[in-house]
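J.: So the protein sequences, as listed, match chains A, B, C and D.
Per our numbering, the first sequence runs over residues 573 to 1039.
Per our numbering, the second sequence runs over residues 573 to 1039.
Per our numbering, the third sequence runs over residues 573 to 1039.
Per our numbering, the fourth sequence runs over residues 573 to 1039.
Keep in mind that the hints were calculated from the coordinates and are not lab data.
Don't take each hint at face value.
A few chain D positions that, by computed beta-carbon distances, are all more than 12 Å from chain B [claimed, not checked]:
{"no.": "1", "residue": "624"}
{"no.": "2", "residue": "662"}
{"no.": "3", "residue": "663"}
{"no.": "4", "residue": "675"}
{"no.": "5", "residue": "705"}
{"no.": "6", "residue": "813"}
{"no.": "7", "residue": "818"}
{"no.": "8", "residue": "895"}
{"no.": "9", "residue": "923"}
{"no.": "10", "residue": "926"}
{"no.": "11", "residue": "977"}
{"no.": "12", "residue": "990"}
{"no.": "13", "residue": "992"}
Below, computed lysine-lysine pairings styled on DSS-like, alpha-carbon distance capped at 27 Å [to be verified]:
{"no.": "14", "chain 1": "B", "residue 1": "941", "chain 2": "A", "residue 2": "767"}
{"no.": "15", "chain 1": "B", "residue 1": "767", "chain 2": "A", "residue 2": "893"}
{"no.": "16", "chain 1": "A", "residue 1": "984", "chain 2": "A", "residue 2": "941"}
{"no.": "17", "chain 1": "B", "residue 1": "637", "chain 2": "D", "residue 2": "637"}
{"no.": "18", "chain 1": "D", "residue 1": "893", "chain 2": "C", "residue 2": "914"}
{"no.": "19", "chain 1": "D", "residue 1": "893", "chain 2": "C", "residue 2": "893"}
{"no.": "20", "chain 1": "D", "residue 1": "991", "chain 2": "C", "residue 2": "914"}
Predicted model, so just to flag it, every value in this text is computed and none were measured.
Note that beta-carbon positions come from the ideal geometry of N, C-alpha and C, so glycine has one too.
Protein chains: 4
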Amino acid sequence: MGGLKEECGLFGISSAHKEHIGLGCHYGLYALQHRGQEGCGIALNTDGELSLQKDLGLVNEVFPKALVFDEEKTRMAIVHTRYGTSGERSRENVQPLLVRHHAGSMAIAHNGNLTNDESLRSQFERDGCLFHTTSDTEVIAYLIYKHRLTTHTIAEAIEKAMAELEGAYSLLIMTSSQLIAVRDPRGFRPLCLGKLEDGYVFASESCALDAVGASFVRDLQPGEICIVDRADQRLTSSIVHTNKVKSSLCVFELIYFARPDSVIDTISVHQARIRSGSFLALEHPCQADVVIGVPDSGIDAAIGYSRQSGIPYGIGFIKNKYIGRTFIQPKAGDRESGVRIKLNPIASTVRGKRVVLIDDSIVRGTTSKRIVRLLREAGAKEVHLRSSAPPFLHPCYYGTDINSRKDLLACKYDMQQMKTILDVDSLGFLLPEQVVKLSDHPCIGFCSACFTGVYPGAVPQGGNNAQ
Amino acid sequence: MGGLKEECGLFGISSAHKEHIGLGCHYGLYALQHRGQEGCGIALNTDGELSLQKDLGLVNEVFPKALVFDEEKTRMAIVHTRYGTSGERSRENVQPLLVRHHAGSMAIAHNGNLTNDESLRSQFERDGCLFHTTSDTEVIAYLIYKHRLTTHTIAEAIEKAMAELEGAYSLLIMTSSQLIAVRDPRGFRPLCLGKLEDGYVFASESCALDAVGASFVRDLQPGEICIVDRADQRLTSSIVHTNKVKSSLCVFELIYFARPDSVIDTISVHQARIRSGSFLALEHPCQADVVIGVPDSGIDAAIGYSRQSGIPYGIGFIKNKYIGRTFIQPKAGDRESGVRIKLNPIASTVRGKRVVLIDDSIVRGTTSKRIVRLLREAGAKEVHLRSSAPPFLHPCYYGTDINSRKDLLACKYDMQQMKTILDVDSLGFLLPEQVVKLSDHPCIGFCSACFTGVYPGAVPQGGNNAQ
Amino acid sequence: MGGLKEECGLFGISSAHKEHIGLGCHYGLYALQHRGQEGCGIALNTDGELSLQKDLGLVNEVFPKALVFDEEKTRMAIVHTRYGTSGERSRENVQPLLVRHHAGSMAIAHNGNLTNDESLRSQFERDGCLFHTTSDTEVIAYLIYKHRLTTHTIAEAIEKAMAELEGAYSLLIMTSSQLIAVRDPRGFRPLCLGKLEDGYVFASESCALDAVGASFVRDLQPGEICIVDRADQRLTSSIVHTNKVKSSLCVFELIYFARPDSVIDTISVHQARIRSGSFLALEHPCQADVVIGVPDSGIDAAIGYSRQSGIPYGIGFIKNKYIGRTFIQPKAGDRESGVRIKLNPIASTVRGKRVVLIDDSIVRGTTSKRIVRLLREAGAKEVHLRSSAPPFLHPCYYGTDINSRKDLLACKYDMQQMKTILDVDSLGFLLPEQVVKLSDHPCIGFCSACFTGVYPGAVPQGGNNAQ
Amino acid sequence: MGGLKEECGLFGISSAHKEHIGLGCHYGLYALQHRGQEGCGIALNTDGELSLQKDLGLVNEVFPKALVFDEEKTRMAIVHTRYGTSGERSRENVQPLLVRHHAGSMAIAHNGNLTNDESLRSQFERDGCLFHTTSDTEVIAYLIYKHRLTTHTIAEAIEKAMAELEGAYSLLIMTSSQLIAVRDPRGFRPLCLGKLEDGYVFASESCALDAVGASFVRDLQPGEICIVDRADQRLTSSIVHTNKVKSSLCVFELIYFARPDSVIDTISVHQARIRSGSFLALEHPCQADVVIGVPDSGIDAAIGYSRQSGIPYGIGFIKNKYIGRTFIQPKAGDRESGVRIKLNPIASTVRGKRVVLIDDSIVRGTTSKRIVRLLREAGAKEVHLRSSAPPFLHPCYYGTDINSRKDLLACKYDMQQMKTILDVDSLGFLLPEQVVKLSDHPCIGFCSACFTGVYPGAVPQGGNNAQ
Ligand SMILES: Nc1ncnc2c1ncn2[C@@H]1O[C@H](COP(=O)(O)OP(=O)(O)O)[C@@H](O)[C@H]1O
Ligand SMILES: Nc1ncnc2c1ncn2[C@@H]1O[C@H](COP(=O)(O)OP(=O)(O)O)[C@@H](O)[C@H]1O
Ligand SMILES: Nc1ncnc2c1ncn2[C@@H]1O[C@H](COP(=O)(O)OP(=O)(O)O)[C@@H](O)[C@H]1O
Ligand SMILES: Nc1ncnc2c1ncn2[C@@H]1O[C@H](COP(=O)(O)OP(=O)(O)O)[C@@H](O)[C@H]1O
Ligand code: SF4
Ligand code: SF4
Ligand code: SF4
Ligand code: SF4
Ligand SMILES: [Mg+2]
Ligand SMILES: [Mg+2]
Ligand SMILES: [Mg+2]
Ligand SMILES: [Mg+2]
């Protein structure tokens, strides 16, 4: 598969109030930093002129100071935080993209992954088009422009482009006069709408609305195109291409990606994680003295497990808050187990105890193995590992960077073998059928293909092995 | 009072194993970053030659890359993380200090605050000495050199200097041939000793020993001078000046400064905080639906309150992990309450609930007030605030930067007034007499002067008001 | 006119010797820094894979350290230094460009300016192509790819593209397997070929060949396409599209742009400037005591004037070597004349003397006026100003950023008025007919359109006024 | 010898006009950058409070942006540019120093080198004083404070300190209320006084007065102490300790250090260098076709040689303007001769010619040898090398970092051998007795000890060999 797999954060703001834009970009980036730490960028609309600032790095590295821009004339902006697989780290791929055309320039930011980007790209190349990046976002831009030449409005062009796009895409698009939010017809990736006194905000997660003091309006619906006009801050919306498909929100957004304080498609992420812990307690009970979660992603499920099981909840690990992207790692080797710089057990919590340890998922197993060892070194008598995601068995084509099958622990070993490898006293995963019950709203459809192999749409040929 | 008040982190390493030094400095700094985020530094001993690298900023800013130094010849190092009041931010005051003298150079790093530094400093100035910094660390260096001229060993000089020093000081001193750790006779600030295969480590907190894979040996005793020789990595120790005084560990180390995974003077910080929560539940019970802690410092006590009271523990707030020193703050004003960029409530936890909210302490009250407001906006029905420290009523002269009395909420208002100001349904503080029971070891003495006004030693004249 | 006007430096290297590439890029950039100080970039060919590093800034800012790349596998590179008008400073426009296409990726760097880029660009946009930059370089890339789809070799595609391109372009193109140098059929901008032991070098100026220790082979001929193969370092060449046109090297390359130690189209830049001084002495003699040049661009002509006239040559000004792009300027105002931070007269050279002052050109006249004033303040009795370029009367469409006509001193005032404005005792310009005699080789054609209004080719419609 | 040898630039400003201070510091640093490129700093006096900003690096690196300070309240500043031998590069040694004392703080900047700093330093150390730096500037600070304790004014203290100081020192001292300039009784290093409308400026060289638009008043006299009061900008002056000694300005200031546009002790540096060229032409004539200077330091003498001899002056080399401190050097080896990145010959000037080549001095000979080789490669028929300094035969104890005797070419070889080593057709040095005639003012005394071995004062014991 050629396209980049990425989990990303989107934030867009349109406001008649000049102070909102600068702080909005800044806070939007910080609030969505957890969705992408490789790079970030801001595109501004200043009296119809689009400009771009972006780079590899964390928000505080790329934008160490307050943005410099014409506050009087800037009324719209979109920002993007990017996560990319290490091999593809390059500044060109940082978003938003800004493309120029005499029919009008356009800034575009994308979260998700197309499943037909390769064939679209070669078609464009055969027609004489050039690409500056390896990201499928540029393919989307081309498709929109292709249709823009034969349509009256950008909304029509986007609608026609969506007929050709397959896969996962939440988009923010900014033209000289409009801010447009798009969610693919299956709604793989989240996108929501907020209201400012005198404008609108779009964001991947509701925590970013909170960050800028916007009130939550609603999630974009799958297949929805939402448009805000710069001139009068008026909002219009339409829903397209949804007749043929049903919604399939990525469950891994609830399990891992999103921040616990976000609400996605009316589901509280924190509550969903607590529910996963309760399911685990029901399905995989055990006799133990304390339940602990691997910070930060295992904490909420641990609370759920504790509540359901009655086993006291405790804090088992302290995670160093200051270790960032550039931290110099200890070298692999024997001594590693002794080095507890990132994650350090609290001995008084686990010494002599039977411990239930909750993590969000087990991918290659190396991290889990190391954490179990730390617990044992700290004196834990038993370790019962529970994963609030089912075993990963299949690749994701929708933007989640799941290791290739040959690296996935659950693809290579059975339960008994995994228990031995991880050195745990018992091991339990959330059941695939429970994954879709993390919400108590029965009406919403989910994707859980990486656990079940049942993909919501066509997937790239040979993809399964190519991974 | 002229001296700087500061809370800081100390780490020293002496090892025959060349790989330990570089990584050790690096990890030591990261593990103690929470004790000081204003600046940091490293002093190295390379074949007896001392050198220094330091600057204002976080560890990852000051040392973004692996240290460059002569690995073959460097066997000792001391590092320091510094917290200082904002008015005194200057590179000169970052530590360690490196002072030169033909009797031998010396690097020195200090945690704590002297109570007689002003008079010592003027005496030295009258004798023709010059100062490069405004920190009392330089005074200590002078005093040691003064006695060094008339003693046979640096240990003797330190002992004599200690006879003249008053107040709080944990010190790491590195000469061309020795690494020396010193804890003042009252043991205000923590300092502990760890063992590497082929060397020793000193650190303010045991979590830094864990970070470098050192095994914990013991806390330094009040009045102890510990010396490691570069030549043979041999450790010697003596205890001085302790006949006249009793130990007085700063209780605020347990309540707030130290990391929960550290063990100080045999007390688990995490357990001490859980105990504080239990005391609060016993002393200030209430009818409520959920107990939450203000992250990160209120979490442990919240668990204690929950366990003691039986009220379920919940996660009420998400704290943004990426906001650092350089974050651009929202401007004061009405809208502030709506902006939840640093701390965002999880509505599903508190909506319609009676909430017990635990924080480590209430100083000026402004933060608490804002947090209570966020809870009410998120739908909390009642808010019962509990502080795991007693009210601050007196200045600290031992290195904790407590606001001047006129800013301390508890100095200005009675309980009823505070309740109104903070807009809480009930308010409860840990009792001063409970503070000294945070440990279950009766043998250790504590300082709790900022709560009780009973100081373990003489305090600067007029200090009380000058604050 | 839409396109960017720019003067730039090109350098390309292909060598089987691994050490040549890294140092080559580094030295090539430094040697051509004078041709563009706004930004710079390097494109590398590593075993056929193209990668790119570029940014706004001087070479030492963009590449402060030795390049990090796979030395074993990298055998080709092209670099670019960029000068752009201040309004268009943006990172997107920094070169080389790297464009991707399944027919093969390509890095491209360009010196010069097209005269038909607007119409080409709109044609491509109508065909559905998108642009990432505002530079005409991207237009060239599109044109080459358009023809690449229907030709067998990239050389053929380039030849076909050249049939459609109008204006000035020296190009370096790097594909996965070839390094290609192209000079437009009129040869507006210089480009030369050098030989390494085991490879080839292309550069805008011969001083860059010297910098990397390459031997000068020859200038590319107008209309020449030179190709070096990565596999065997073999060079092939063809000359195209030159039947219809005659060569027209920009004379301003000799007068101002190029470094004096460069040799362009067999003309020594230094000698050409000395000749300009001799012409000035013959045409505009005067009675004076000393001849001085404005450093650095007026020095050579001053020596020529001195030699021809017999008036002693002297050093009249010291130019501060450390003032770079980021220097904080004095604010305009009365005091300015007194502030001699950039250029300071040597009083002992000019006090009480009649001074002949030589500068390369007079554009808006503000700099010349200030310099004359400095001389008078330093005690010069008379100032006789001579310009080694004729008066600018017409816009340049070939990449030189000449001010719009309304700013050009010579467009607004006659000789007598200019003399008064500049406050000089006499004023003399090189004659337009002498400009083409700066070389003593009669066979080479020149462009001198900005002085004469006689353009070597079609110019953009309305361009003359739009400037 | 323990002290650091350094050549440095001093600039001090006191002005009632608020705009002068910020720009003044900035311009002063740029104007004196040639005197020290290792580090630089600024000390400010803001309403009597002293503060400091300094670091290793060039001015544009250390102060990339306009200074941030309280413009309303800042009326005085001193700045320093520092040159230090490579082995001693450390931030501690960057100046100004800021020392604190309850009798008053003081910032101090120093150009020169003491000859008795070692004995003074040990005396202070024996008295219990500590040093933070290895520079002799700290010794001077101590000495002034020592006497400050027993005198009524700082001027008296300085006068008493000067009685104990031996060697070369030009000083700028700033207290809370005064700006003080001091020149040692022999006047080794330059220092001059300028006048602003409403204040005063001190600078190492007059070019810095020009840079800030100050009018030149006069050079400080040897032994002079000049004081400007912050309160009323009043200037007072006294001259001390000059009865016993005669003045001895370092001739190397004229030959090499100072900028040609500076006037030092009434001598135009540019004229002095032209005179040195004339002396060389008289003493070491030859038959040749062109005279060229090694840029930048050999240019002026080359003009002198040309004028005296009648041989035409030409430009033989172009020096790359962009190569700074951080440039990555070519590695030593055979190819080096081909790499002409720093200095590139202009072939048209020297091809087939007999060339007189002038450089300021020949120290180790390696640079001269390389330059001669470049000329020969460029086609020079004969090369006649002339040095405008006599051969270096003795160490300097006054702040010039002359290589140790064993590296000095002239210490190891006779004229004939040097000719062979340098591969020149003839070789000529300025005569030591001519050095003191570079000025046409007979009244000024010079130091030329490094050429003659006759030192103006006592020198450190064993110094001659220890070098
Ligand atoms: N401020 C926060 N507090 C708690 N959890 C957070 C916060 N920000 C992000 N998260 C959650 O943290 C998880 C990722 O962090 P963590 O598990 O610590 O990292 P890792 O990816 O290294 O396992 C995600 O589940 C995300 O939802
Ligand atoms: N990694 C960590 N996890 C949990 N708590 C921590 C960690 N590092 C430091 N602490 C604790 O965090 C507290 C300070 O953090 P916090 O309360 O969030 O900040 P603030 O000082 O802004 O109130 C201290 O009590 C410290 O012991
Ligand atoms: N190292 C050098 N020595 C002398 N001249 C140079 C050097 N590098 C570039 N040049 C010439 O300097 C001129 C530009 O410099 P100058 O006139 O000082 O700058 P400005 O563009 O500010 O007038 C050009 O003519 C260029 O050929
Ligand atoms: N802007 C300038 N123009 C000409 N000469 C200068 C300038 N600035 C400093 N100098 C002189 O340059 C000389 C040092 O430069 P140079 O000889 O090029 O360097 P190096 O120290 O590498 O030999 C000194 O003599 C100094 O007086
Ligand atoms: S395959 Fe898995 S990770 Fe990918 S979208 Fe579906 S649930 Fe999410
Ligand atoms: S006064 Fe308070 S803060 Fe200070 S040392 Fe004592 S307990 Fe700690
Ligand atoms: S118009 Fe002038 S500047 Fe432009 S290419 Fe022709 S000669 Fe050069
Ligand atoms: S010894 Fe030489 S370099 Fe030193 S001060 Fe005297 S003349 Fe100058
Ligand atoms: Mg995790
Ligand atoms: Mg807190
Ligand atoms: Mg010029
Ligand atoms: Mg030189």
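J.: Taking the hints in turn, state whether each one holds.
T.: Here is what the structure says about each hint:
no.	hint	verdict
1	624	violated (7 Å)
2	662	violated (8 Å)
3	663	violated (8 Å)
4	675	violated (7 Å)
5	705	violated (7 Å)
6	813	holds (22 Å)
7	818	holds (33 Å)
8	895	holds (24 Å)
9	923	holds (47 Å)
10	926	holds (50 Å)
11	977	holds (26 Å)
12	990	holds (38 Å)
13	992	holds (40 Å)
14	941(B) x 767(A)	holds (26 Å)
15	767(B) x 893(A)	holds (25 Å)
16	984(A) x 941(A)	holds (16 Å)
17	637(B) x 637(D)	holds (25 Å)
18	893(D) x 914(C)	holds (14 Å)
19	893(D) x 893(C)	holds (7 Å)
20	991(D) x 914(C)	violated (40 Å)
When the structure is compared with the earlier hints, violations turn up for hints 1, 2, 3, 4, 5 and 20 and for no others.
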